[in-house]
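I would like the entire structure built from these sequences, with the hints used as guidance.
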Amino acid sequence: MEVFLEQIINGLTIGSFYALIALGYSMVYGVLKLINFAHGDFFTLGSYLGYTVLVFGSAIITTHFGLWGGLIIAMIIASLCLACVGVAVERAAYRPIYPAGRLPAVVSALGASIFLQNTIMVIWGPRYQAYPAKLIPNFHIQLGGIHLSLLQLVILILSFCLLGILYWIIQKTTFGAAVRATALDKDTASLMGINFNKVIFFIFTLGPALGALTGVMVGMYYRQISFTMGWNYGLKAFTATILGGIGNLPGAMFGGLILGVLEMFGAAYISAAWKDVFVFLILILVLIFRPNGLFGEKLAEKV
Amino acid sequence: MKYSKILNIDRFFGSHQTALFIVFGIFFIYPFSVSNYYIDIGFFFGIYALLGLSLNIVLGEVGLFDLGHAGFYAIGAYTTAILNTKFGIPILVLLPVSAVAAGLFAYIVCSPIIHLKGDYLCIVTIGLGEIVRLALINNPFDLTGGPNGVFGIDFPSLGGSFIIDTSLEYYFLIWIVVILSIFGLIRLQRSRIGRAWNFIREDEVAAGASGIDVRHYKLLAFVIGAALAGVAGNIYASKLMCVSPESFTFWESCLMFCIVLIGGMGSIPGVIIGAAFISLFPEIFRPFAMYRMLIFGTVMILMMMFRPGGAWPRKRGGIEFKSLIAGTGRKHV
Chain C
1 MEVFLEQIIN GLTIGSFYAL IALGYSMVYG VLKLINFAHG DFFTLGSYLG YTVLVFGSAI
61 ITTHFGLWGG LIIAMIIASL CLACVGVAVE RAAYRPIYPA GRLPAVVSAL GASIFLQNTI
121 MVIWGPRYQA YPAKLIPNFH IQLGGIHLSL LQLVILILSF CLLGILYWII QKTTFGAAVR
181 ATALDKDTAS LMGINFNKVI FFIFTLGPAL GALTGVMVGM YYRQISFTMG WNYGLKAFTA
241 TILGGIGNLP GAMFGGLILG VLEMFGAAYI SAAWKDVFVF LILILVLIFR PNGLFGEKLA
301 EKV
Chain V
1001 MKYSKILNID RFFGSHQTAL FIVFGIFFIY PFSVSNYYID IGFFFGIYAL LGLSLNIVLG
1061 EVGLFDLGHA GFYAIGAYTT AILNTKFGIP ILVLLPVSAV AAGLFAYIVC SPIIHLKGDY
1121 LCIVTIGLGE IVRLALINNP FDLTGGPNGV FGIDFPSLGG SFIIDTSLEY YFLIWIVVIL
1181 SIFGLIRLQR SRIGRAWNFI REDEVAAGAS GIDVRHYKLL AFVIGAALAG VAGNIYASKL
1241 MCVSPESFTF WESCLMFCIV LIGGMGSIPG VIIGAAFISL FPEIFRPFAM YRMLIFGTVM
1301 ILMMMFRPGG AWPRKRGGIE FKSLIAGTGR KHV
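Just so you know, the protein sequences line up as chains C and V, in that order. So for the first sequence, my numbering puts the first residue at 1; every next one is plus one. So for the second sequence, my numbering puts the first residue at 1001; every next one is plus one.
Quick caveat, the hints were computed from the structure, so don't treat them as lab data. Being a predicted model, the structure only gives us computed values, none of them experimental. C-beta: ideal position from N, C-alpha, C; glycine also. Among the hints, erroneous ones may be present.
Partial list, derived from the structure: chain C residues whose beta carbon lies under 8 angstroms from chain V [what the hints assert, rightly or not]: (1) Val107; (2) Leu151; (3) Ser226; (4) Phe238; (5) Thr239; (6) Ile242; (7) Phe280; (8) Leu287.
A few chain V residues that face chain C, going by a derived Cβ cut-off under 8 angstroms, partial list only [to be verified]: (9) Pro1112; (10) His1115; (11) Asn1138; (12) Phe1141; (13) Asp1142; (14) Leu1168; (15) Phe1172; (16) Ile1176; (17) Gly1211; (18) Val1214; (19) Ile1262; (20) Phe1285; (21) Leu1294; (22) Phe1296; (23) Met1300; (24) Met1305.
Okay, structure coming up:
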């Protein structure tokens, strides 16, 4: 029972990473129908920026703001930078290609992904980088028989708070409504007075910023980052997006959480080597029986 | 001229026959005038051309998003590797066997998922490709050799006397296979099957209503595309003499996807150009060392900006591709 609960906690931690990345993915995907391959690299870039701030700025920042302050500043700097990068990439690589349609944009996104990945490699080098140890005191909590490190607890709370805030933004605010409306039907949304360009600006700042935050958290959690890791997380985020149903933003969140829990269960009860096979098998089975994802609505077919 | 009638060169290249002969001439003279290293680059260009052609059937002709094509390629390569090292069956005998194995695999795994639309199909093919790769790494039944792969694959030989073992001979082997496939594919494009595929790409519902068995033709495209990828896998395995799972990653599937889109969807000369871009570009820019992939990414973006329909779009394509590129059913940006 304890193992089961611990696996759920581990799964939710990883799942919340996937959910946060998937949310950025899903917003772009829903509004532009663009498979944004570069999103995984936004995440990696955020992780590296956080690393740089923590390693090179740690002496200055931590003495002035304390440990927690240092972490928060690293996250804020990383997400602000990535918001700018996101908008820049959108202006340079995607905007000129919208009129040509969605398939050329996929190639352009792949090009942007290669570009970002290699920029990271050129700047930080091809080797693995390690996040500084003891960012958070090594402190364990006993909770009804479950071991929980303070780091994991902090990450869980932080990511669930973020997910909650985002859920609120998407479901309750005007901006969220605009994004959802545009995802549903761009033309009608424009007729209702929604500024399409503003929506795009919004999703390309919020998405990459979230990716960067997740990148810093992943760096703290696994302590090891590499310039190619975004590829794998991007793939998982895309999987989560589709699992939840295309264009369904809360669906993408739940898709990510489900994916993380499934992965951990696969690793614990089947075999660690086959966990991704297990995840993809479940995905395929879900889509065979629910061709529009778990939470997707059935769209009427055009005749 | 008679041959041009048989092979439809007239309709395919129209007035470009002279250009065609010049291109053939360059391809023939090239390996005799450069060192082995550059002949090998020409060989890998051929492999990518064959892979591009195979994906072009699924993506270009029928418009099905397949981002897991490396899985079929892997099945072909591993079929060759395992049967050759365990049972000593000659490589050229395994060429059709690999094609059948990859085609059969495609038939089995694609049958239950063929009803999925657009991006849902895309993610499922990604999943399939990843499952194949992970299964190869995990070494089921001690067959695939795990992350190290299978070693010691033979050279192909013709009747035991002539063994294909130099770079030059491999170069001609792959390009003869590519040229044969191109002729086969041109015939296929013009046939009832090809027209049915294009109809499905343009409007699936209308195609179904006109009596085309949509499911059957989609599966057929996957099977033929996979079989051709299996052939590429066979030649690749014998050239490298070993296969390992890292040659068949998601990245490889993405490259194939780019080959088709950079060249022009459904256009055979376009696919060759796309393959040339993907395989030759990183070599040409080798002097830039660590910046070359940076340039590669930038050029990919620029190409899509200036030629969104591909380098050599299919001739009739101007109007009909718009519906597909503009999205699935609904109007987009």
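Do the hints match the structure? See the list:
1. Val107: Nearest chain V Cβ about 5 angstroms off; hint holds.
2. Leu151: violated (29 angstroms)
3. Ser226: violated (15 angstroms)
4. Phe238: Hint holds; Phe238 (chain C) Cβ to chain V Cβ min 6 angstroms, cut 8 angstroms.
5. Thr239: holds (6 angstroms)
6. Ile242: With a closest approach of 4 angstroms, the Ile242 (chain C) hint holds.
7. Phe280: holds (4 angstroms)
8. Leu287: This hint holds: Leu287 (chain C) lies near chain V, its Cβ roughly 6 angstroms from the closest one there, short of 8 angstroms.
9. Pro1112: holds (5 angstroms)
10. His1115: holds (7 angstroms)
11. Asn1138: Nearest chain C Cβ about 5 angstroms off; hint holds.
12. Phe1141: violated (14 angstroms)
13. Asp1142: violated (14 angstroms)
14. Leu1168: violated (32 angstroms)
15. Phe1172: violated (31 angstroms)
16. Ile1176: It is violated, given that the least Cβ distance between Ile1176 (chain V) and chain C is near 30 angstroms, above 8 angstroms.
17. Gly1211: Nearest chain C Cβ about 16 angstroms off; hint violated.
18. Val1214: This interface hint is violated because 13 angstroms lies over the 8 angstroms limit.
19. Ile1262: With a minimum Cβ separation of about 6 angstroms from chain C (threshold 8 angstroms), the hint on Ile1262 (chain V) holds.
20. Phe1285: violated (12 angstroms)
21. Leu1294: holds (4 angstroms)
22. Phe1296: holds (6 angstroms)
23. Met1300: holds (3 angstroms)
24. Met1305: At 5 angstroms from the nearest chain C Cβ, Met1305 (chain V) passes the 8 angstroms test, so the hint holds.
Against the hints set out earlier in the document, violations occur for numbers 2, 3, 12, 13, 14, 15, 16, 17, 18, 20.
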